[in-house]
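Listed below, chain by chain, are the residues.
There are 2 protein chains.
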Amino acid sequence: MPPIPAFPDIRQAHERIAPHIHRTPVMTSSDLNELTGVSLFFKCENFQKVGAFKYRGATNAVLSLTDDEAKQGVATHSSGNHAAALALAARKRGIPCYVVMPETAPAPKIEAVKHYGAEITFCESTLKSREDTLSSIIEKTGAVVIHPYDNFRVICGQGTAAKELLEDISGMDCLFVPVGGGGLLSGSSISAKAMNPTIKVYGCEPLNADDACRSLKTGVLQPPLKPNTIADGLLTAMSELTFTIIKKNVDDIFTVSEDSIIKAMLLIWQRMKIIIEPSSAVAFAAVMENRDLIKGKRAGIILSGGNVDLLNLPFRSW
Amino acid sequence: MPPIPAFPDIRQAHERIAPHIHRTPVMTSSDLNELTGVSLFFKCENFQKVGAFKYRGATNAVLSLTDDEAKQGVATHSSGNHAAALALAARKRGIPCYVVMPETAPAPKIEAVKHYGAEITFCESTLKSREDTLSSIIEKTGAVVIHPYDNFRVICGQGTAAKELLEDISGMDCLFVPVGGGGLLSGSSISAKAMNPTIKVYGCEPLNADDACRSLKTGVLQPPLKPNTIADGLLTAMSELTFTIIKKNVDDIFTVSEDSIIKAMLLIWQRMKIIIEPSSAVAFAAVMENRDLIKGKRAGIILSGGNVDLLNLPFRSW
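Protein chains in written order, with this note's numbering: chain A, 144 to 461; chain B, 144 to 461.
Quick caveat, the hints were computed from the structure, so don't treat them as lab data. Any given hint could turn out to be false.
As the list claims (entries may be wrong) - Some but not every residue of chain A turned toward chain B, in silico, with C-beta under 8 Å: (1) Phe190; (2) Gly194; (3) Trp412; (4) Gln413; (5) Lys416; (6) Ile417; (7) Gly449; (8) Leu453; (9) Phe458; (10) Arg459; (11) Ser460.
Said to hold, decoys possible - Result set (SDA-like, lysine to any residue): computed pairs, CA atoms no more than 20 Å apart in a straight line: (12) Lys406(B) / Leu454(A); (13) Lys252(B) / Gln413(A); (14) Lys406(A) / Asn455(B); (15) Lys252(B) / Phe458(A); (16) Lys257(B) / Ser460(A); (17) Lys271(B) / Ile281(B); (18) Lys406(A) / Ala250(B); (19) Lys257(A) / Asp174(B).
The beta carbon of each residue, even a glycine, is placed where N, CA and C say it ideally should be.
All chains, full assembly: derive it from the sequences and hints.
Dropping the structure here:
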């Protein structure tokens with residue numbers, strides 16, 4: 144297992160990436176405060192470059208490479224926001240980026256990664272085919288693999304969003320963060336507990352992909368059980384590294400239904416006039432379902448991203 | 144015709160309403176700058192209270208009433224954002240608000256006006272029925288009619304958005320503003336020309352509701368010709384008052400097709416992760432279609448509002 148990041152590592156990462164990322168705004172909504180009875184502070188990573196917090200971790204990873212390491216480029220087999228983030232971070236440093244994607248990946252995701260200038264290699268949609276294809280690219284190019292979350296530098300980068308939020312807003316009682324592979328939640332929890340030891344940190348997860356919740360309950364990393372959720376950023380499972388950090392720092396993990404996720408997403412779109420992706424709505428859905436627990440408190444919510452297919456939205460009337 | 148507002152009136156309005164409105168952010172997008180070749184500054188009135196700039200004018204009108212005038216309440220027969228804005232402004236002052244709406248008004252609009260606490264009276268959907276119904280309410284209640292744009296105080300309030308934009312961003316070369324009844328455009332043009340006499344001010348209008356364009360070209364107020372556009376905030380026609388101001392201050396009016404409006408709206412949603420209504424997209428569509436005219440310039444765009452029916456969106460792939 145790689146070493147475990149501490150808050151000074153996140154501070155260092157922040158200094159490194161600050162000139163290259165957006166310090167995203169923290170938004171509030173008197174409408175949603177009234178609805179929930181909670182003072183809500185939304186950290187808007189949907190306004191981050193490439194539309195997701197992933198740009199923080201990818202930028203930190205790319206900028207941390209020595210010139211010698213960097214010149215062969217970077218590679219990943221993620222097909223979501225991490226791939227787009229890595230592609231842009233690499234382009235900004237002027238190095239190649241190789242992305243392995245299944246042939247079945249949705250067209251908008253392929254377009255985004257192409258848009259940011261990565262070289263895409265298509266493979267079959269099995270994990271074995273992805274890993275084999277990635278290995279052969281590494282062998283050929285010497286590129287450095289940047290894992291989307293099982294990576295010290297990536298976790299440090301992701302932890303800078305919560306750091307900014309707690310710098311900007313004082314007296315926060317609790318923090319709601321979506322959890323898939325656990326990069327954002329582990330990084331956020333390190334920042335939050337270091338800056339405010341009494342803050343409660345909650346992971347938020349779709350019930351249909353509840354491996355993090357089961358892992359925290361049993362204390363043992365649980366495998367995902369055919370996750371199937373609209374929150375497509377949260378399909379991945381934690382690594383030993385992210386789980387170790389989460390087990391230590393995170394107070395609880397809330398699970399929410401698919402219906403709750405869509406309703407929460409619709410509420411934020413309607414009331415706040417901002418576009419968030421379903422994975423971000425998971426955190427607000429957890430607030431909605433647990434609002435009696437935190438009545439009158441000050442709650443931070445990390446809106447992780449805003450990349451959705453606008454031609455294929457899940458909204459309906461209830 | 145009521146007196147014509149001048150910039151000091153707008154300054155006064157701004158002092159009056161500033162504690163009650165949001166000073167909305169000005170957003171930028173390197174993506175859209177690259178796409179257009181223009182430095183764009185978006186004034187985000189979609190984040191204003193009730194989701195539209197209309198709250199500025201309504202608040203100024205309501206707060207300008209004497210206690211004696213105010214106690215009988217205010218009334219309007221608009222059914223769009225102005226009605227919601229007037230309802231909230233009245234509620235905040237603790238006075239009644241009467242809104243006349245056609246029975247055929249869309250459910251979300253009725254809901255919004257109810258949500259902000261106005262008393263709704265339904266009528267037939269003809270102009271005569273609306274005016275007759277409004278007259279009988281005035282007679283009964285003594286409420287003051289607040290017209291959505293043919294009103295000195297309303298125009299002064301609407302002019303504060305451009306004032307803020309030009310206070311926040313220096314060296315603006317031109318300003319793009321949607322035009323329906325002309326309240327926003329006339330107010331914006333007074334602020335812009337007073338603060339920067341060399342700035343170009345452009346009205347932006349759906350081709351399918353081009354009465355402002357025809358009026359400016361002929362110099363005579365033209366009647367609307369069965370306007371039919373997705374930009375439902377721009378169906379109204381200018382009054383003598385707004386036309387007089389616009390004729391004096393506005394450099395040109397650009398018209399855009401329905402297709403352009405939907406494409407522009409989709410682009411802003413996708414790239415900026417914010418929700419704007421079709422009437423706001425009209426201004427960005429005009430920039431897109433005229434970008435060669437303003438290449439390399441600094442252009443302000445007033446995003447007038449963000450109230451859309453999310454269950455019934457016009458997006459499609461091109």
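Each hint tested on the structure:
Interface restraint check: Phe190(A) against chain B, minimum CB-CB distance 6 Å, threshold 8 Å, status holds. The criterion of a C-beta within 8 Å of any C-beta in chain B is met by Gly194(A), whose closest approach is roughly 6 Å, and the hint holds. For Trp412(A), the interface hint holds, the least distance from its beta-carbon to any beta-carbon of chain B being 6 Å, beneath 8 Å. At a threshold of 8 Å, the smallest CB-CB gap from Gln413(A) to chain B is about 6 Å, leaving the interface hint in force.
A cut of 8 Å between beta carbons decides the hint on Lys416(A): the least distance to chain B is about 4 Å, and the hint holds. Against a cut-off of 8 Å between C-beta atoms, the interface hint on Ile417(A) holds, since the closest Cβ of chain B lies about 6 Å away. The interface hint given for Gly449(A) is met, as the beta carbon of that residue sits about 4 Å from the closest beta carbon of chain B, less than 8 Å. Interface restraint check for Leu453(A): the shortest CB-CB distance to chain B comes to about 5 Å, inside 8 Å, so the restraint holds.
Residue-level restraint check for Phe458(A) holds (minimum Cβ-Cβ distance to chain B is 5 Å; threshold 8 Å). Checking Arg459(A) against chain B: minimum C-beta separation of about 7 Å stays under 8 Å; hint holds. Contact between Ser460(A) and chain B, as hinted, is supported at the beta carbon level, the nearest pair being about 6 Å apart and thus within 8 Å. Our distance criterion of 20 Å between C-alpha atoms is met by Lys406(B) and Leu454(A), whose separation comes to about 12 Å.
Using a Cα cut-off of 20 Å, the hinted pair Lys252(B) and Gln413(A) holds, with the two alpha carbons roughly 13 Å apart. Proximity of Lys406(A) to Asn455(B) is assessed by CA-CA distance (about 16 Å); at most 20 Å being required, the pair is judged to hold. The hinted pair formed by Lys252(B) and Phe458(A) meets the criterion: a straight-line CA distance of about 18 Å does not exceed 20 Å. A threshold of 20 Å between alpha carbons decides the hint, and for Lys257(B) with Ser460(A) the separation of about 19 Å falls inside it, so the pair holds.
For a cut-off of 20 Å, the pair hint linking Lys271(B) to Ile281(B) stands: about 15 Å separates their Cα positions. Between the alpha carbons of Lys406(A) and Ala250(B) the distance comes to roughly 19 Å, so the proposed pair stays at or under 20 Å and holds. Restraint check for Lys257(A) and Asp174(B): the C-alpha separation of about 15 Å stays at or below 20 Å, so the hint holds.
Violated hints: none; the structure is consistent with every hint.
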